[in-house]
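A.B. asks: Listed here are the chains, written in short residue letters.
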Amino acid sequence: MDEKNDKQLRIVGFLCNWCSYGGADTAGVCRFKQPPLLRIIRIPCTGRMDPLFVVKALAQGADGVLVSGCHPKDCHYAVGNFYARRRLELVKRFLPFVGLDPRRFHYTWVSASEGQRWQQVVSEFSAVIQELGPNPGFGQDAVTENAPQAVSSQGGAGDTERCISPRSL
Amino acid sequence: MEKAVFLPDTELHEALAALSADAQVWVPAGDASKPDLVRFQRYRPGLSVRLDARSLVSAKEVLFPRSEALLRFVKEKDLSVPAGHRLHVDDTRTVPPAVVFGCRPCDARGFLTFDRVFLQGPYRDPYYAERREKTTFVSLVCRDADGACFCSAVGSGPADPQGSDAQLIALPDGYVLRAITQRGAALVEKIGRGPTAEQIQAARDMLDQAGREMVGEGSLTAMDAAFRARFQDAAFWHGHIDKCLSCGLCTFVCPTCYCFTITDEARGLSGERIRSWDACMFPHFTLEASGHNPRPSKVERYRNRVGHKFSYFVSKYGQVACCGCGRCIRHCPVSVDIRAVVRDLPVQEEVHA
Amino acid sequence: MRIGVFVCQCGTNIASTVDTGAVAQRALDYPDVVFATDYMYTCSEPGQQEIQKAIAEHRLQGVVVAACSPRMHEATFRRAVEKAGLNRYMFEMANIREHVSWIGQDKGANTLKAMELVRMAVEKLRRNEPLFASEVPINKRVLVIGGGVAGIQAALDCADAGLDVVLVEREQSIGGKMAKLDKTFPTIDCSSCILGPKMVDVAQKENITLHAYSEVEAVSGYIGNFTVKIRKKATYVDWDACTGCGLCMEKCPSKKTVDRFNENLGTTSAIQIPFPQAIPKKARIQKDACRYFATGKCKVCQKICPTNAIHYDMEDREVVEEVGAIIVATGYDLFDPAPYGEYGAGRYPDVITGIQFERILSASGPFGGHVKRPSDGKEPKDIVFVACVGSRDKSVDRPYCSGICCMYIAKQAILARDHLPGVQCYVFYMDIRSPGKNYDEFVRRAIEEYGVQYIRGRVGKIYPRGDRMVVQGADTLLGAQVEVEADLVVLATGVESSRGAKELAEKLRISYDQYGFYMESHPKLRPVETNTAGVYLAGACQGPKDIPASVAQGSAAASKVLALFARDTIATDPQVAGVLESVCIGCGKCLSVCPFGAIQWKTLRDGSRKAEVLETVCQGCGLCNATCPPKAIQLKHFTDDQILAELDALCA
Amino acid sequence: MKTLHSHLEDHFEELELVIGWEIGFEPLRATPAFVRRREDLARLVWNPLCAPNLSVYLPQILKSAEKTEKKVAVCLKGCDTRSLTALIQEGFVDRERLHVIGLPCPGTVDPQALAQARKNRAPVTQVSFQDNLLILHSYEGTEEIPLDSVLARRCRRCRQPNPLLADVVLGDPVPARCDAPSFAHVEAVDSLPLEERRAYWERELDRCLRCYACRNACPLCVCRDRCLAESRTPKWTTQRDSVRDKFLFHMIHALHLAGRCTECGECERVCPVGIPVALFKEKMAQIALDLWDYQAGVDPAATPPLQTFDPSETGI
Amino acid sequence: MKRTVAYYPGCSLEGLAEEYDRSTRAVCRALGLELVEIPDWNCCGSTPAHGYTPLLSAALAGRNLALAEDAGLDVVMTPCPGCLKALKGSLEKYREDPACFQDALGRSFDGRVRVVSILQLLLERIGPEALAQAVRHPLTGANVVPYYGCLLTRPASFAQFDDPENPVSMDRILEAIGCTVPDFPFKTECCGATYGVTRNPIVTGLTGRILDMAVRVGAAAVAVACPLCQQNLDLRQQQVEKANHRSFRLPVLYITQLVGLALGLAPEDLGLDKLFVSPESLLSRIDQASDTADSLSNAG
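Top to bottom, those sequences are chains A, B, C, D and E.
Quick note: the first sequence uses the working numbering, first residue 452, plus one each step.
Quick note: the second sequence uses the working numbering, first residue 833, plus one each step.
Quick note: the third sequence uses the working numbering, first residue 2, plus one each step.
Quick note: the fourth sequence uses the working numbering, first residue 85, plus one each step.
Quick note: the fifth sequence uses the working numbering, first residue 557, plus one each step.
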C-alpha cells in the first residue's frame, strides 16, 4: 500500500449493511469522535462473511480485522448472524494456532441505533491495535520468486531453531 | 580416464566451499527436522550434505524454478495517451553460474528432455537457456537403486554420463571425480588432488561394473506403437488408473516433466508475469474457455501422461521423455507404477479387465 | 474501463476536516480513473448535472462519489447516473462524511483515510458488472396487524382505495386503547362517538377481512408476495351464528370474572362481549373463568343461546393469507406501577391508574359513569393526579416522555369536575408537555375554569390516613414539602411497547429499540417505513404518540402501500446470488443454509444436478456465497472478487 | 487373510466391483486394488501396510457407475468408516449401493519410521505379520520389528480402530489406543510462543510443492477438479510459489474441513515433503469439540456444526 | 459465602448503642455466624471526616478494610448505617483512583473486600426460611413496625441492597420471627437525625410524626437498625411526648434484639435493660400470646 507511511495502522472493518453500518452512520451523525484506523467494507450481512476473509486479511498484513453485524435474533435476514457467530468464533480460536495474533481480530454485534456503543467498540479496538503495532502478516514474501535461483526461500532449517516435528512428539 | 582427481571424504566440504566461491552450489541435503527428507539446497557451511541419499524432488528446480517472474510491468498513468497509461516492462534478471553437485545420473539425463523442448525446438526459451549454459552437473555414479528405479529400461543406467559434465565415483574413503565435458574439466581443476593409480583403477572397475548393471528389467523405449494400439481400450486404462488420485505429485517430482502455466499477478498499477509449474493431471490443464475439457477425468489425463513420455515424444524426438528415476512411483500416494502400465501396453490378452 | 471520481465537500461537513481537492487529485493516480473533481454539493440538482455532464464528456463507464453514507444517497446517485445512460450498478460510494470527516479532527489522517476509501471504491467498481432488475407481479392485498385507531385508519384508507385488506386484531374486538377512553383531548369528543363509526365501517366494508381474536403466527416471502399464517384463537362461540344479543351474558352463572376491559375494576361474566360498541359484536367464553371448563357441568350459555352458537370443543384454527404489503399498528401498553412500592399501587384500592379512572368516567364503565371510589363507592371530594409514573425515570428503565399523560390528566380533571362539580383536583407534575394544536389552551382551561391545582414537584409517598389517602410530595415553587389529603389518587402511568412486540418483530424481521418500539427506516425522513421492504409502521408501536399522530401515521402508511401497489409489478433488487454451473459440484450446502428457500435443484441433460437461484425469492444475504466451498455461487454486486479487491486495496 | 477371500468368494455374485488393497511395486508398499473379476480376488491383502483410505474413491465411483442391483464392495478400516459416515451425512454416497467390509485395524505403518527402524539396507523381498510383529525378509536375512514402534502418527492417537458401520466385520475388535480424543500434538504446537509458531509454520509450508496430493487424498474434499485454491475467478490465491499463497491454500482446506474432518490422517501420510498438515484439521476438530461437543463422521444423521445454528447458544 | 465474617462495630456500638452490639453478637453466635472483630479497628470518620475532605474519610474507613483483608476475610459486616456508608464510600474512592487512595492510606490495598449491613447478612447468609426455623419463641401477637430511617438503603447506587424508596428487608426478618407487620408508610421518613441537641424542635416534630403514625397503624413496638434513629425514637421519646403533649409509651428495639428474643436468648444478653422506654408492654404481650399458643398446641 504505497501510502502506508511508517506509523499509520489500518483496521479492515466488515460491517453488515442493515445494523452495524447504520450504527457507524449514527455515530457519525452524532459526531462521536473515533480514531481514524478503521476502513469499512460494507457487506449485506455477517452471514456473507467467509472466515477465509479474516485469515487472508491478517495474512496479508492488515493490522486489525473488525466484523460487526446485527444482534442475534435481530438479523435483517433472520439467521445470517447465527451462522456467522459460529464461523467467526471458530476462526478466532484457530488464528493463534497458525501464529496469527487473535487479538487482532474482533467480532461484535451493534445495532443501527447504538452510535455511542459503536464509538466505544472502535476506540477500544483501535487502542488494542495501536498497542500491538504493525502486523507482520504470514509468510512475508522472502526474495524467492524473482531470484533466478530455483529453490524458494533459503530460510532453510537453521541449526538453532527448536523444531516440533510430529514424530518427535 | 582423461582428467580425474581424487576427493577424500574429509575434504568434501572444503571443496564445496571452494566451488561456491564463484558459483551457487546445489547439493542434496537433509532437513534438520526431517533427516530422511533430502532436497537440493544451496550449499552453506554446516549443511548436512547427503550424497548417499536420493533427493525427493529432482534437481529440476535449479534450472526450472517452481515459479519465476518472467517480467515485471508498471502502468504509468498518462491521460493524454488513449489507453490512459503507458506500460513499462522490465525483464532484466541476473543469473549467477551454478553447480549441481552430487545428483544422480538420471537427474542430469532428465535435462536432455528439457533441452529438446526448450533449446532445440522451434522457439528457444531464453530463461532456461541462460541457466542451462551457466550450470555444471556433477553426477554421482549410482550404487543404491531401489525397487522403483528403472533407468536401464529407458536407455540410461547407473553410470550414464549423458547430461553430466563430470562424474563422481564413490570409493571407500573418498570420490574419484572425472571430467566428461569441457565445463566439467574446468571444474575438476579447482578441487581435489592427484589420484593415485589404484584409485584410478578402482574407479575404472567401479565404472565398468556399474555400466554393465541393469536397473529395471526389459526396455520401455519402443512403446509408441503399442501405446497407440492400446489407446481406445478403456478397460485397460480404468484397470490401471482407477486408484489414481489425479494430484500433481508425480509430475512435480519428475526430472523430465517441463509443463508450465503463465499468469499475470497484478495489483493496482503494477504486477509480474509469472511462469509456474503446471501438471497435466490438474483439471485446469486442458480446461477450455467454453467449459469443455478434452481430458475430463483422471483416466484421460494419465493416459496422456503415459502417451506423452513413451509415445508422442518418442515418435517426435526419437527419445523417451523419462529417465527412469522412479520418483513418480516411490512418492505416489497410492503407488501407481508407470512401468507396469507401459509394460502391459503390448500385452494382447485382456489384462486387469 | 473509464472511471470518474466525484469528491463532495458537503458544504463544510466534509471540506472542514478533509482536503477534498487533494483526494480528487490523488484519485487520478488510481487505475482506470480518467476524471476526478471535487464539488460543493454533489447531491444537489446542479451537482448531479455535473456528474451527468462529465459522464458524457469523458465517456465514463463507472462513477465513484465520495460523500455521505450510501444508506442516505446511494439511490439518488444511482438514478442520476442511470439518467446519463450508465447502468445504476456501475456506481460506488465512499462514505467520507459519517465515517471520516464527522468523527475525527486530524485533517491529515482524515484526508489519507478518504483517499484510501476512494481507492477501495475504485477497485470495487473496476470489478462491478451491470445488473438488471427483473419484474415481479405484486399481490395487491394488504395485511394490517393491530385494530387500534391507527390500524383502523390504515385499513379504511386502503379499503377506500379499492384494495383487499386483511385486518388482524389480537383482542376480541377492534378499537384498541381508544375504545377504552371515555372522552378525548383536547376537544373532549366522546371517544366512542368518533371511533364507533369507523369501527362499523371496518365491519361493513366487503373488501376488509377482519380476523379478530387472532394473532400472526409466521410471515414468509418478500415485498409484493408475503405469505402470512394467522392463528384464529378459539372463542368457543361460532361467530357466524352469534348475533351478539347478550342473552348468554345475562344468564352466565360465574359473574365474578375479572373484567379486563374495565382494567380489573369491575366484574363480568365468563362469556362476554367487552363493551357495547364492540366490533365484531360477538361473544367469547373466557376459558379460565368458565364453570364448564372447570367442572365439566353448567352449559347454561349453550342451552339458552337462540342460535346455538356455543361449541365447547372449538380449537384454534390456522388461516393463510397472501398479501403484498404489511402495515404494523400494534399500539402500546401502559406501565404497571408496581415498581413504585412507595405509591402503594395495587395495595391501596383508591390508588388507581389513569386508564382505570378513564373507565370509571365512562358510561360503559364499571360504575356506569358515576365517579365513585373503588374502595367504598363514595364520591371523592379531592382527587390527586400524579404525573410521570413510569415516564422520564431511569430507575425503572423508562427515561423517555410518554407525550400524552399531561394532556389526559388535564382532560380527566376537567371531566371529574363535570361529573362532580364540588370536586377539587390536584396535579403533581414536573413539566407540562402540551405541544399539540389547542393543547396548551386546554390545560390553561383546566387551571383557570376548572380550578385544578397544579403543584410543581414529584410525589415521595402515598399512604392511608383514616379512610382517605395522604399524598406527600414536594412543591418546588414553594420550596417546601406538602401533604395533600385526597379520596382518590390517579397515577398517570406512561406508555411502553405492547406485550409480544419483540416476538412479532422477529417474525417480521424488523428491528426494535431497547424498549421494544419498532425501528423506523429514518426518524425524520421515513417515519412509517421499516428497513424491511414492504413492511410499514403506524401509531404507537413506533413510539409514544397521541391519537391525531397515530391516525395521521395510519393514513401515511396506507399511502405508502398505495404508492407501492400503483404499479402492477415491482422491480426486484438485482443484488441476488447467481450460480456458475460449470463450477457447481451439487453438494447442496447452499440449499440447506438459504434462509428464504431461494435455491433449488436443476438437473442437467447429463443427469448431474446443479444449484439454481430463484432470483425473485433471493434476498441477497450472501450466506450461500460464504458457504459454497468452490465459490460457484456468487452474490452479485458483493462477489468475492469485489470484496477481495477492496481488501487488497488496503493491504498488500 | 483367509476370511477376507472366503467372504468375497461367497458374495462375489452380488458384487460388481471390490475395492481393496494389493501388494504394490515393492513388498513394503500396499496399493489400492479395483477387482472386477473373480480370479483377481487372490491379489487382495489386508495387513498394517494397507494405509490408503479407500472411501476417497466412493463418490466418484458411485457417480460414474450406473445403479445396478449389484453392489460395490469396499474394505474400510475403523477410521475409514468415519469418513464414509461423513460422506453419507452430506449425501455424497448412497449407503444402499455399498457392501462395506469393516476391518478392525491394529494400526498402519509409517514408511519413514520403518526405513529408520530397519538395521540392514538391502531391499525387502518378502513381508509377513505375526501378532504385532513385522517380519522382513531380505537377502541379508530376516528382521523383526514391533508394529508399535513404527506406527503412523494418526494411529498413535486413534480412538476408532473398530468400524463404525459395516455390512460385515472381519476380525475381532481391537482396543482403541486412546479412549478420549487426544490433541497432544496440537497442544505441543499451541505451547510455542506466537512468533515461534508462525515461524514454524512458515518453515514447514515453505517446503510445500503445492502438488495438492493432500487435497486429493482427502475423502471429504468433494470439490474434485473445481478447487477454490486453483480458481482465478474468484481469485483467492496467485500462482506464485510464495509461502503466503501456499498458506492460503492450506487455510482453505482446513476451513472447508472445519467440523467435517474425521481425522483419518491421509493428508499427512501422502505429503511428499512431510508437512504435518493434519494438525490444521485436528485443531479444527478440537475447536468443534470444545464449541459444539461435535465429532465428525460418528452419527450419520447429524448435521455438521457450520451447516446449522442454535439460536439459544450463548458464549459465542 | 463463608461462615466467618469480619465485624466492624463502630464507635456508637461501644457507647450509646452498646445493646445493639451485644444483641448483634448474641444473634450471630446463635445462628452459627462467627464474627471476627477487625483487630485494632479505628473510627470510620463518620460525618465530620468527609466534611473536611472526602479522602480523609475514605482513608480512615479504608484502613479497617485493609486490616480485614490482612486477616483474610472477604466480607465486612457493620450494623450501623453511618459506618456502612463510610466503608462503602471508601471502596468507591479506591475504585476511582487506587494509586491516590493507597498513598493516602499509606499502605497497599487491593479492594477485594465486600461491605454488608446486619440486615443483608441475615437475609443473604441465613435467609428468611432458615431464620424462621431457628426461632424458638415466635413473637406472635406483637404488631411491630420496621423503621429503616433515611440512610440505611440510600443512595441506591451505594447501598446496592433493597429498594431505596420502599425497603422490605426488615419486614421480611420481622415476619420470619413471627411478628405481624402492619403497613407502615413512614418507614423511611427522616427522624431529625443529629438535630436532637442543636435544634430539638426539628426532632420532636419529625419523630413525633413517625411515632404518631406507628401508633395509628396499631404498632406495639418499633424495630430499628440504626443507633441514631433508636436514640431519637427511644431516648428522646419523653421530650417528644412533652413537645407534642401526647403519651406514646412505644418501645423501640433494635432488630437484633427482637431476633434475639425470638431465638429464645435471655433479655440480659440482649441488653433490653438499656432501653429507655421499657419493653415490658411488648414482652408481656408476647408471653401472653405464647402461653395461649402453648396451651393450644398441647391441647391440640
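Rather than coming from a laboratory, the hints here were simulated on the basis of the structure.
Be aware that one or more of the hints could be misleading.
Derived DMTMM-like pairs (lysine to aspartate or glutamate); straight-line CA-CA distance at most 20 Å [to be verified]:
1) 525(C) - 547(C)
2) 462(C) - 721(E)
3) 590(C) - 150(D)
4) 184(C) - 51(C)
5) 206(C) - 251(C)
6) 611(C) - 174(D)
7) 206(C) - 241(C)
8) 203(D) - 978(B)
9) 611(C) - 178(D)
10) 230(C) - 218(C)
11) 395(C) - 666(E)
12) 524(A) - 218(C)
13) 546(C) - 507(C)
14) 524(A) - 450(C)
15) 151(D) - 547(C)
16) 508(C) - 218(C)
17) 203(D) - 1030(B)
18) 524(A) - 507(C)
19) 524(A) - 322(C)
20) 866(B) - 110(D)
21) 462(C) - 739(E)
22) 234(C) - 136(C)
23) 543(A) - 309(D)
24) 147(D) - 507(C)
25) 319(D) - 642(C)
26) 147(D) - 309(D)
27) 524(A) - 394(D)
28) 907(B) - 449(C)
29) 54(C) - 20(C)
30) 141(C) - 322(C)
31) 233(C) - 337(C)
32) 835(B) - 1030(B)
33) 561(C) - 530(C)
34) 319(D) - 309(D)
35) 382(C) - 319(C)
A.B. asks: Next, verify each hint and record whether it holds.
C.D. replies: A quick look at each hint next to the structure:
1. 525(C) - 547(C): 18 Å, holds
2. 462(C) - 721(E): 9 Å, holds
3. 590(C) - 150(D): Violated, because 24 Å separates the two Cα atoms, which is more than 20 Å.
4. 184(C) - 51(C): Violated, because 57 Å separates the two Cα atoms, which is more than 20 Å.
5. 206(C) - 251(C): 31 Å, violated
6. 611(C) - 174(D): 15 Å, holds
7. 206(C) - 241(C): At roughly 17 Å apart (the allowed maximum being 20 Å), residue 241(C) and residue 206(C) satisfy the hint.
8. 203(D) - 978(B): 16 Å, holds
9. 611(C) - 178(D): Holds, at roughly 18 Å.
10. 230(C) - 218(C): The hint holds at about 5 Å.
11. 395(C) - 666(E): Violated. Residue 395(C) to residue 666(E) sits at ~32 Å, over the 20 Å cutoff.
12. 524(A) - 218(C): Cα-Cα ~17 Å, so holds.
13. 546(C) - 507(C): Distance of about 23 Å is beyond 20 Å: violated.
14. 524(A) - 450(C): 53 Å, violated
15. 151(D) - 547(C): Cα-Cα ~71 Å, so violated.
16. 508(C) - 218(C): 8 Å, holds
17. 203(D) - 1030(B): With Cα atoms ~32 Å apart, residue 203(D) and residue 1030(B) exceed 20 Å; violated.
18. 524(A) - 507(C): 7 Å, holds
19. 524(A) - 322(C): 25 Å, violated
20. 866(B) - 110(D): Violated, because 23 Å separates the two Cα atoms, which is more than 20 Å.
21. 462(C) - 739(E): 13 Å, holds
22. 234(C) - 136(C): Violated. Residue 234(C) to residue 136(C) sits at ~38 Å, over the 20 Å cutoff.
23. 543(A) - 309(D): The hint is violated at about 30 Å.
24. 147(D) - 507(C): Distance ~42 Å between residue 147(D) and residue 507(C) Cα, so the pair is violated.
25. 319(D) - 642(C): Cα-Cα ~7 Å, so holds.
26. 147(D) - 309(D): 15 Å, holds
27. 524(A) - 394(D): 11 Å, holds
28. 907(B) - 449(C): 83 Å, violated
29. 54(C) - 20(C): Distance ~24 Å between residue 54(C) and residue 20(C) Cα, so the pair is violated.
30. 141(C) - 322(C): Satisfied, since the Cα-Cα distance of roughly 12 Å is no more than 20 Å.
31. 233(C) - 337(C): 28 Å, violated
32. 835(B) - 1030(B): 15 Å, holds
33. 561(C) - 530(C): 8 Å, holds
34. 319(D) - 309(D): Given pair residue 319(D), residue 309(D) holds - Cα atoms ~16 Å apart, limit 20 Å.
35. 382(C) - 319(C): 52 Å, violated
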